[in-house]
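**Q** Chains as they are written, first to last, in numbering that gives the first Met the number 0: chain D, 0 to 239; chain E, 0 to 112.
In short, the hints are calculated from the structure, not lab data.
The reader is advised that the hints may include incorrect statements.
[Stated by the list, open to error] Restraint ranges, calculated between C-beta atoms of paired labels, are given here:
id, chain 1, residue 1, chain 2, residue 2, range
1, D, 51, E, 25, 15 to 25 angstroms
2, E, 46, D, 63, 54 to 64 angstroms
3, E, 41, D, 229, 48 to 58 angstroms
4, E, 23, D, 136, 32 to 42 angstroms
5, E, 42, D, 136, 22 to 32 angstroms
6, E, 93, D, 202, 26 to 36 angstroms
7, E, 50, D, 159, 42 to 52 angstroms
8, E, 31, D, 133, 54 to 64 angstroms
All residues carry an ideal CB built from backbone N, CA and C; glycine is no exception.
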Amino acid sequence: MPPLRVSIWRGRLEGGFVDYEVPRQPSQTVLDVVTHVQRHLEPALAYRYACRVGMCGSCAMSVNGVARWTCRTHVAKVADGDRLEIAPLANLPVVKDLVTDMREFFDKWARAKGQFKGDRTRSDDFARVDPASPQRRLADAGVECIGCGVCYASCDVVQWRPDFLGPAALNRAWTLVNDERDRAQPARLRAVAGDAGCHACHTQGSCVERCPKHIAPTAAIAGLKRVTARAAVRGELGDA
Amino acid sequence: MQAAAQARRWYRQRISAMVLAICVLVHLATIVYAVRSGLSGEALLARTRGNLAFAAFYAVFVLACAVHVPIGLARIAEEWLGVESRTADIAANLFALLLVVLGFTAVYAMLRG
Numbered sequence: 000m001p002p003l004r005v006s007i008w009r010g011r012l013e014g015g016f017v018d019y020e021v022p023r024q025p026s027q028t029v030l031d032v033v034t035h036v037q038r039h040l041e042p043a044l045a046y047r048y049a050c051r052v053g054m055c056g057s058c059a060m061s062v063n064g065v066a067r068w069t070c071r072t073h074v075a076k077v078a079d080g081d082r083l084e085i086a087p088l089a090n091l092p093v094v095k096d097l098v099t100d101m102r103e104f105f106d107k108w109a110r111a112k113g114q115f116k117g118d119r120t121r122s123d124d125f126a127r128v129d130p131a132s133p134q135r136r137l138a139d140a141g142v143e144c145i146g147c148g149v150c151y152a153s154c155d156v157v158q159w160r161p162d163f164l165g166p167a168a169l170n171r172a173w174t175l176v177n178d179e180r181d182r183a184q185p186a187r188l189r190a191v192a193g194d195a196g197c198h199a200c201h202t203q204g205s206c207v208e209r210c211p212k213h214i215a216p217t218a219a220i221a222g223l224k225r226v227t228a229r230a231a232v233r234g235e236l237g238d239a
Numbered sequence: 000m001q002a003a004a005q006a007r008r009w010y011r012q013r014i015s016a017m018v019l020a021i022c023v024l025v026h027l028a029t030i031v032y033a034v035r036s037g038l039s040g041e042a043l044l045a046r047t048r049g050n051l052a053f054a055a056f057y058a059v060f061v062l063a064c065a066v067h068v069p070i071g072l073a074r075i076a077e078e079w080l081g082v083e084s085r086t087a088d089i090a091a092n093l094f095a096l097l098l099v100v101l102g103f104t105a106v107y108a109m110l111r112g
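For reference, chain D alone in the conformation it holds in the complex (with noise of 0.2 angstroms):
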């Protein structure tokens, strides 16, 4: 097989790409081709990756211009041909080379109140929660979650409102909005509201398209845009 030419980004917002050749072998994944890169030809190249298993969240970079998980990512399916372009994911600070500054990113799964808030102690006994009950089917769809970004970077609503959640964020919210064990409703219905919340998604499902563990959410977002209207129509977001 003919090897690869790969252009890798260098640099922060001020950079370019450099260009480098890397032997194509069987099953070789793009996280594989960053990993030569480093080991072999730039052992200054900066980027991110543990668990190399799809399981982290840590690897996604932009690859020929579409954000993935790089570690379960074929070459053999997205190479155009001999050439890869790997970038830093979009509508993230750039670190250095492939790394972004995802604090933004998480800071915004707090303010969307991500956290569990439950009223258990330990000397409770455990909750019950039905597998089948409607409300723990919708949790379970968007409860595998790693975190990895891609949605984010995917997401032009990002891109044209920066205070807006993101799709990874809003999803984190409605699992727990669907958790019944869950006791900060009130609180968390008016933290995904409103211009940076739930109302800006456009519904365009880029998130949708581009998740790698297939969750949806956008159908996350639209629960959130139903449950945030039922409950100011009743009163119960507060500020009437």
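Knowing the structure of chain D, use the given hints to seat chain E on it.
**A** Showing chain E alone in chain D's frame:
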């Protein structure tokens, strides 16, 4: 905008969209019928003149537009043109007022011929 106000605004936009979906279908069916049967402007006006049902239908259509359109327009102005949110709301509401005036003028003309 505050959370509750934004949530209620979304609700208004959704309800008005449902009304518009029906209105647009009826309106299109009416146009297709009128064009295919070769009715002239005169003949159309002769049929709509004094027809309160027609007038009521289009009055609802105009109102649904006036509720629905400014919400979307304000969004576009904010996100695509970078207009500040309050300014965008004011401009969009003025546009809604224009829609009401133009719409009801047309409804009145159709009713009185």
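**Q** Against each hint, give a clear statement of whether it holds in the structure.
**A** Hints, verified against the model:
Separated by about 58 angstroms at the C-beta atoms, residue 51 of chain D and residue 25 of chain E break the suggested range of 15 to 25 angstroms. Between residue 46 of chain E and residue 63 of chain D the beta carbon distance is about 60 angstroms. The supplied range of 54 to 64 angstroms therefore holds. Checked against the hint of 48 to 58 angstroms, the C-beta distance between residue 41 of chain E and residue 229 of chain D comes to roughly 50 angstroms, which is consistent with it. For residue 23 of chain E paired with residue 136 of chain D, a C-beta distance near 35 angstroms keeps the hint of 32 to 42 angstroms intact.
Checked against the hint of 22 to 32 angstroms, the pair residue 42 of chain E and residue 136 of chain D fails, with Cβ atoms roughly 57 angstroms apart. Judged by the Cβ atoms, the range 26 to 36 angstroms given for residue 93 of chain E and residue 202 of chain D holds: they are separated by roughly 27 angstroms. Separation of residue 50 of chain E from residue 159 of chain D is about 45 angstroms and conforms to the stated range, judged on CB atoms against 42 to 52 angstroms. Checked against the hint of 54 to 64 angstroms, the C-beta distance between residue 31 of chain E and residue 133 of chain D comes to roughly 42 angstroms, which is inconsistent with it.
In summary, the structure is inconsistent with hints 1, 5, 8 from the numbered list given earlier, while agreeing with the others.
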